[in-house]
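Work out the full structure: start from the sequences and follow the hints.
Spelled out, the chains give:
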Amino acid sequence: MNRIAVALWNPIVAKEYRSRMRTWRSPLAMTIYILLLGGLGWAIFSSTASAARNSFNGGQAANYGQALFLWLVLFQMVLLAFITPALTAGAVSSERERQTIDLLFVTKLPAFSILWGKLLASMSFVMLLLLLSVPIFSLVFLFGGIELDQVLNAFFVTAVTALTLGIIGIACSTAFKRTLPATVAAYGAAFILLAGSLLFGLLFPTDINPNATKAPAPPAITYLSPILPLIVIGTNGPINGYGIRNGGIYPMAQGGGMVCSAGPNGSGSCYSNAVPIGKGSIGPYNPAQASGTTIPSGLFSGWQYWQATVTMQLVISLIALVLSAILLPPIRHLPWRRRARVAA
Amino acid sequence: MITVEGLTKTYGNRTALDHVSFEVPKGEIFGFVGPNGAGKTTTLRILAALLEPTSGRALVDGADVIEHPDRVHERLGYMPDFFGVYDQLTASEYLDFYASCYRQPKARRKKVADDLLELVGLTDRRDQAVDTLSRGLKQRLCLARALVHDPAVLLLDEPASGLDPRARVEMREILKELQTMGKTIVISSHILPELTELCTMIGIIDQGRMRATGPVQDVIRQLTSGRRLRISVLGQKEEAAAVLKALPTIQEVALVNGAIEAQYDGDDAAAAGILQALTAAGIKVSAFSQLEGGLEDAFMKATSEDV
Chain A
1 MNRIAVALWN PIVAKEYRSR MRTWRSPLAM TIYILLLGGL GWAIFSSTAS
51 AARNSFNGGQ AANYGQALFL WLVLFQMVLL AFITPALTAG AVSSERERQT
101 IDLLFVTKLP AFSILWGKLL ASMSFVMLLL LLSVPIFSLV FLFGGIELDQ
151 VLNAFFVTAV TALTLGIIGI ACSTAFKRTL PATVAAYGAA FILLAGSLLF
201 GLLFPTDINP NATKAPAPPA ITYLSPILPL IVIGTNGPIN GYGIRNGGIY
251 PMAQGGGMVC SAGPNGSGSC YSNAVPIGKG SIGPYNPAQA SGTTIPSGLF
301 SGWQYWQATV TMQLVISLIA LVLSAILLPP IRHLPWRRRA RVAA
Chain B
1001 MITVEGLTKT YGNRTALDHV SFEVPKGEIF GFVGPNGAGK TTTLRILAAL
1051 LEPTSGRALV DGADVIEHPD RVHERLGYMP DFFGVYDQLT ASEYLDFYAS
1101 CYRQPKARRK KVADDLLELV GLTDRRDQAV DTLSRGLKQR LCLARALVHD
1151 PAVLLLDEPA SGLDPRARVE MREILKELQT MGKTIVISSH ILPELTELCT
1201 MIGIIDQGRM RATGPVQDVI RQLTSGRRLR ISVLGQKEEA AAVLKALPTI
1251 QEVALVNGAI EAQYDGDDAA AAGILQALTA AGIKVSAFSQ LEGGLEDAFM
1301 KATSEDV
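Residue numbers (my numbering), protein chains in the order written: chain A, 1 to 344; chain B, 1001 to 1307.
Take the hints with a grain of salt, since some may be wrong.
As the list claims (entries may be wrong) - Cross-link-like lysine-lysine pairs, in silico, DSS-like; alpha carbons within 25 Å at most:
1) 1026(B) - 108(A)
2) 1176(B) - 1138(B)
3) 1111(B) - 108(A)
4) 1110(B) - 108(A)
5) 1176(B) - 1111(B)
6) 1284(B) - 108(A)
Note that these hints are calculated values from the structure, not bench results.
In structure tokens, the structure reads:
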């Protein structure tokens, strides 16, 4: 085995698999996960299938497919946000509590291998859950309206978010000595990532610049949440009415919004293809409305929402992983500490 | 094999180790003795590269514990005073896991596990879950774990604590066997008679300071002002005591459990002179022996005063 293979597949992974799969908890967790996801899928499927039978036409069936898909991906994301921190927040701290961590430190395994092994073992279980959900997601193809690339993108965003939550959980587990505070911190971080960043967009929306040639986009921090890209992927339409100071425009139904096209001299022409949500009506003309599935302006201008989310989450993951690798070893070989020692 | 020079460890204002120095040559069994909180575990954790000293340095087989912890880990096996085991693993899987953590080739791991289980007398428990083993068996398994990479040095922190007398004897036998295999062993313990029997060298630590270190008998001699004799006589105890007290080498004479115990200053020739004086005075000596186990006295003396 070469060095990379040894680093990737280390003894911790094998031991964790063995320990995890020998308890009743793993099959139970998988069963509950499938039952919850399948239950939701079945409920939506059964309610929409009868509606589709009564007034079937291609367009409506496609909407049902979209609705089913959107609910499933969002629900799956929320489920994984609950499961992943539970899997990783005790990864290192439980070794401390069990007094087994010193026995690992005195082996030839580097600290990063210990972290990586813990992470890989936990995340492979999450990936197993994702794989188990594939047959449920195949239901949406009965209705149509969803392309394979949407499913793949949604799974990719979900997987990266789960990975980010997993690495944050490992970082919390490394930083806190006990599992309880590590778990609380990991769930807090998961809440901030999923909901807190969205809340930020509601509380501090982007102001509309009437002179802007591009449609405004929600604050960049909101792309941290996987919810936005999953909605964009699921509806295959823009995010309107969120994260932008309203200015008279009501939120619009999925798939709708102002379709704008920029003119050669920077001016824009827009028309509405949206159905208003709730009471009220479409507000006055406003050139600042998004169209398509790309981010119209700002730091990630021109990017797909999922690309921005994945990029930001991977950066956070990298930072959390590096911090964990620094914090974990019993003796930290930091350059400035080494210099101080030499001087002493 | 082990060199410790001026090792100091402070936690805020509290000094856990204060310029501790000692050496352990290859193949010796070094007993590390001291009351609770004296700094034994701190020293062993620094030697195992698990704790950074505030100052000073420690070398294991020439490798500095701070600069080259990976080399140190290759050379030593460490058994902490308190340790846990993993659920859902059998004894042989437990050893196999740690052997793989030490990068032992897969083909060799099974043999290593079998050999070590045999060494510590756990062959019949190889398929038993480790979390269901008794404390004594877990201690033995942990000792086997410390040996999976065949280290030259063993650091054993209170390996006999919590064991019943039989398990202690078995642990001692295993350690003696390891000594014959050429391992250098550092063992901390509170059980002084066992250390006297097992160790070739000793270090007495108290309040973070090394009070005495060296070969066991040297330390005892250094800390106790004289050696002790147990003398049994046929009657004539008063006369025998009077003869002894008149000798210039005798420091103290006492009657203990029907025998005379005499503390004297000198070597074996001085002891022979004492016996000669008794027989010359017509005392019928039925037993005459050196008293071993002066380690307790030495320990009490070393830890009761500011040396």
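Hinted pair residue 1176(B) and residue 1138(B), Cα distance within 25 Å: 19 Å, holds
Hinted pair residue 1111(B) and residue 108(A), Cα distance within 25 Å: 20 Å, holds
Holds or violated: residue 1110(B) to residue 108(A), with C-alpha atoms at most 25 Å apart: 19 Å, holds
Hint check: residue 1026(B) vs residue 108(A), CA-CA at most 25 Å. Holds or violated? The hint holds at about 23 Å.
Would the hint linking residue 1176(B) and residue 1111(B) be met if the CA-CA limit is 25 Å? Holds, at roughly 22 Å.
Would the hint linking residue 1284(B) and residue 108(A) be met if the CA-CA limit is 25 Å? 65 Å, violated
In the structure shown, a violation is registered for the earlier hint numbered 6 alone.
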